[in-house]
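Input sequences plus hints: build the corresponding full structure.
Going by this note's numbering, the residue at position 748 of the sequence shown is 1694; the numbering climbs one at a time, nothing skipped.
FYI, nobody ran anything at the bench for these hints, they're computed from the structure. Wrong hints could be hidden among the right ones.
Below, computed lysine-lysine pairings styled on DSS-like, alpha-carbon distance capped at 25 angstroms [claimed, not checked]:
hint, residue 1, residue 2
1, K1669, K1627
2, K1177, K1206
3, K1100, K1263
4, K1512, K1669
5, K1200, K1263
6, K1263, K1177
7, K1178, K1263
8, K1666, K1627
9, K1178, K1207
10, K1820, K1725
11, K1200, K1178
12, K1253, K1263
13, K1177, K1253
14, K1577, K1602
15, K1200, K1113
16, K1100, K1113
17, K1884, K1917
18, K1253, K1206
19, K1100, K1253
20, K1253, K1178
21, K1820, K1917
22, K1178, K1512
23, K1884, K1840
24, K1512, K1577
25, K1113, K1178
26, K1858, K1884
27, K1858, K1840
28, K1177, K1207
29, K1253, K1207
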Amino acid sequence: MDARAQRRERAWPCGRYAKSASGNLLWLRRAENRAVRGAWPKSISTERYDEDRRQSNATVIRPVPSGCGGGWPSAASLLLNISLRRYALSSFLASGHPALATQLTRDFRTHSKYGGTADGDHRMSHGIARKFSFAGSLFLFMGGVYALGAHAVKEIPREHPRLFGSKQELMQLAARRAGAFGRMRNIARRGSGHELSYVFSLCLTYAVEGGDDLARKAISIARDIISRPLKKGHEPFAIDMAIVAIVWDHCYDKLTDDDKKRMIDWVNEIYRININVETHVFFNGYYGYKMWGFGLAGYATWPDNPKAREIIDFVSKDVVERAVPAQQFAGEGGGWPEGYYVHYFLYYWLLYCEAARRLEGIDYYSMAPGFFGQRPVASMFECYPGRNSHNARSMPCWGDGRSGGGYGGDTDMALCVRRILARFFFDKDPMMGYVAAFNRETPSPGAADYSYMDFLWDDADLPAAPLDRMKLAHHATGAGHVYARSSWKDDATWVFFKAGRRLAGHQHLDMGHFSIYKHAVLASDSGEYATFDDSHSINYYMRTIAHNCILVFDPAETFRNMRSGKDGDNDGGQAYQWTGTSMAPNGSARDMRVVEANRNRVDIAEIIAYEDTPLYTYAAADCTKAYSSSKMQHYVRHFLFIRPDNVVVFDYVAAKRPDFEKTWLLHTVNEPTVPGGETMKEPGLFACSGGFFTASNGGGGIVCQTLLPQEHRMTKIGGKGVKDYWYRGRRYAPSSDRDAFGASYWRIEVSPTRPSALDAFLHVIWTGRNNSPLPPPAKLLSESGMLGAEFTTTQGVARVLFDSTGRAGGRIEFYVGGNPVVAQPLVASVVLERSAMRLPDIKRPAQPGKTAEPQKEEPKETQPAGPTEEDRLKADVAASAMRAAVADALRAGKGASIFVSIAGMRTRGRVKNASDEGITVAVAGMDVIVPWDDLSPKEFYALARDLVADHALLYTYCFGVGLADEAEAEKAASGR
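Quick look at the structure:
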């Protein structure tokens, strides 16, 4: 740990996130002080700022309203607000680089072209993001860029309608999207429908072509809503507020004075009684039940409503101070820990965000780019292949949720979220072209009531990239989700694996869970979401027993004060460890302050290794802390998906006592078949032989073989209404039977027959068509410190080995026609950079990689404490040599790519050439020069690793800059 990190540790001893945040705070304050004194640093690393911003809640600052003065301190603050909140800064002040100067000129022309609108501000700001140092920004500020402050927060226009477009803009939209407008008009004229959708259809149609009858119907609905008993607490009052806001905005000219008074009084009272409810920013209710309704009602009723400005400011302040840090923390990579709820609440939330961006120029998306910028991609991966009976995308459900894969309108909301965010980030991230392509293959909303979504948000004009070039895996690091597919075709195999933080009450005790889909749901979770805290939810649905996880049964373990303070029975699963904390009773964090106070109960599982290649996606997770420390010593699960149809799961489970029985679980929708034979012990309970089972659903099927434990007991349990939702002698029936989509009614349990504190579980899974012939049995492999399997796939023969000492990593070899096409280590760390666009198909033989021997742990006494000053000097020398080698390799025609940050968004670009100054990267249609100093050590190593053949040189650099894992890999490769 360097001196700066040690100072952070002493000053902010409250966890990794707080340390990062504190570092940012101190750094920003020093920068602001320098601005006041005129002593700006010569250059500030863009990559360093982006990395800090990605982890921290300290760089988000509420926009300063136009007209704020106050001398140099206020000027510096305004500059920081403009620059730090939304833009990534780099060190190009008057750089003399023609390409950058040309691009800068183009950016200002863009701003001029869009007439100073919020969209023009946004386009310009992201264009100049990487082109100024602080000194350059200060120079522009002194030259008259104070006007930017007026655009950052605009005055709300007074005309109606305004929330989603002016009357003229809506009329133009109707001309461009005539088909969608016609469908929406038919809904409006039909006279009924889902209340919010129907009001949208009525009001938008009235705004475009008039019709007093439409306005009267809409106003009648609003009058009925404000006459109902007031909703308070965990009720969707925001939808009612949004309906009233939409009617007010679009039918303003038809409202009577009495209507306006009653609506204002109702809005203000709903606001008053609910301002202190739904305060948990990791919880869907904050966004979907409360804040979006507050925001739209405030914007719609201003300035008639004297409290409107207070409501608007409350939403903005609370979101910036509490929600944005949570979005960056939990949503990095676009996933969300609550799972299924993100589909509906995010759509409602974006309706508010779009209104705020349009009316005041407030850009919430760029405040949390790690979430909003990656959400469209994550949403693509959260869709099962193919379409359902409504010709819409089905989606899996993890954590609490409704039918999950069925159709209930949430699929259409998810489509609209992808449309809105893909349009916003399209100019900043090439991945949005693939999102646009995916949306093209997703039909219009499946429900006619949602035609207004096509009218407002259709993205048919966005250029689409070839979908078959889209990457096939995605890691949402904030939620700990890994998604992978075999292709983007409808018959693809789809898998999911999760291990991450505990943040919200709708999460389950399911760290290490995986799901498989091929033509239908094949391996999924079990249970039905009837109510939040009935016996079924507390004892089964939310528990580990209902998921594809590992159980370790300690007879003395208790599960007290769970949901709503109710006790649960002992399933042998993961611990409910939030009783008596500020996360009680439902295991949810109110905001980042609660997270920091409970980091040991938040960080309960982690993806410790991840890599995606054309052949496979590999992930490993440490789930030890998800279980009670009284029974679990160490637990690591390896999850390997070999395209197109195979999954291998390896579990290293070390319990505290040998008599704590371990059980491996896999749930299926329909009854599995056991080719080796089975014996019914009682209805719904079968003892199985042979180590194989098969299961099918719809047109798909799986075959699963148990290789470890070699001496094991396999049991089949289930049957709807018989032993579904059953364990240890009791069935936990749901309070209402919903027959949820994808709900599993059977499970296979595998346990070792001999008691042991340490056990390994190894399972090979084949997916394919229903009733496919059984594959040849897999063979167990054992090498020094590794265990694995050799098996046949539809593409060739795979040999995989996993670290059997409780760490991530291993080795994979793949043969086609007896020839090796892949032979390489499985990574022991998270490698996001390699998860990229499709590479050539594996059937086109590539040069086999060098097979690495398993890394052996050196005796601790021979390990140096860390790099010395001499080692760091050697690393500097090595870096210079590596830069020259990179430049030579690029000139020789070798290819390389790297992630660069544009406006806070991590975007992959092609490295064109290198010089003494830096590298030139082609990204987003322009050339960006990235100075060498702006690359973090890990980024520089990732670039050099693919272009520099001297492993000794790479080792010297990695060791000197503190990249321990990378140094070990290079040490082994160089034979040192």
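Tested hints:
Under the criterion of a C-alpha separation no larger than 25 angstroms, the hint pairing K1669 with K1627 is consistent with the structure, at around 12 angstroms. For the given pair, K1177 sits about 20 angstroms from K1206 by alpha-carbon distance, which is consistent with the 25 angstroms threshold. A threshold of 25 angstroms between alpha carbons decides the hint, and for K1100 with K1263 the separation of about 16 angstroms falls inside it, so the pair holds. Note on K1512 and K1669: the hinted pairing holds, with a Cα-Cα distance of about 24 angstroms set against a maximum of 25 angstroms.
The straight-line distance between the Cα atoms of K1200 and K1263 is roughly 33 angstroms, outside the 25 angstroms bound, and the hint therefore fails. At most 25 angstroms may separate the alpha-carbon atoms for a hinted pair to count; K1263 and K1177 meet this at roughly 24 angstroms. A C-alpha spacing of about 22 angstroms is found between K1178 and K1263, which places the hinted pair at or below 25 angstroms, so the restraint holds. As the CA atoms of K1666 and K1627 are separated by approximately 17 angstroms, the hinted pair is consistent with the 25 angstroms bound.
With a C-alpha separation of about 21 angstroms, the suggested pair K1178 and K1207 falls inside the 25 angstroms cut-off, and the hint holds. Using a Cα cut-off of 25 angstroms, the hinted pair K1820 and K1725 is violated, with the two alpha carbons roughly 47 angstroms apart. Taken as a hint, the K1200 and K1178 pair is broken in the structure, with Cα atoms around 29 angstroms apart against an allowance of 25 angstroms. Only pairs whose Cα atoms come within 25 angstroms are accepted, and K1253 paired with K1263 is accepted, the gap being roughly 15 angstroms.
For the hint pairing K1177 with K1253, the CA-to-CA distance comes to about 19 angstroms; that is within 25 angstroms, so the pair holds. Pair hint K1577 plus K1602 holds up; C-alpha atoms about 5 angstroms apart against a cutoff of 25 angstroms. Restraint check for K1200 and K1113: satisfied, since their Cα atoms lie roughly 15 angstroms apart, inside the 25 angstroms limit. Between the alpha carbons of K1100 and K1113 the distance comes to roughly 19 angstroms, so the proposed pair stays at or under 25 angstroms and holds.
At roughly 16 angstroms between alpha-carbon atoms, K1884 and K1917 fall within 25 angstroms of each other, so this suggested pair holds. A C-alpha spacing of about 14 angstroms is found between K1253 and K1206, which places the hinted pair at or below 25 angstroms, so the restraint holds. Restraint check: the Cα-Cα separation between K1100 and K1253 comes to about 19 angstroms, which is no more than 25 angstroms; the hinted pair holds. As the CA atoms of K1253 and K1178 are separated by approximately 19 angstroms, the hinted pair is consistent with the 25 angstroms bound.
Proximity of K1820 to K1917 is assessed by CA-CA distance (about 15 angstroms); at most 25 angstroms being required, the pair is judged to hold. At roughly 24 angstroms between alpha-carbon atoms, K1178 and K1512 fall within 25 angstroms of each other, so this suggested pair holds. The hinted pair formed by K1884 and K1840 meets the criterion: a straight-line CA distance of about 20 angstroms does not exceed 25 angstroms. Under the criterion of a C-alpha separation no larger than 25 angstroms, the hint pairing K1512 with K1577 is consistent with the structure, at around 23 angstroms.
Between the alpha carbons of K1113 and K1178 the distance comes to roughly 34 angstroms, so the proposed pair goes past 25 angstroms and is violated. Straight-line distance between C-alpha atoms of K1858 and K1884 comes to about 20 angstroms, which keeps the hinted pair within the 25 angstroms bound. For the given pair, K1858 sits about 10 angstroms from K1840 by alpha-carbon distance, which is consistent with the 25 angstroms threshold. About 19 angstroms separates the Cα atoms of K1177 and K1207, which keeps this hinted pair within 25 angstroms; it holds.
Proposed proximity of K1253 and K1207 is supported: the alpha carbons are some 13 angstroms apart, at most 25 angstroms.
The earlier numbered hints that this structure contradicts are 5, 10, 11 and 25.
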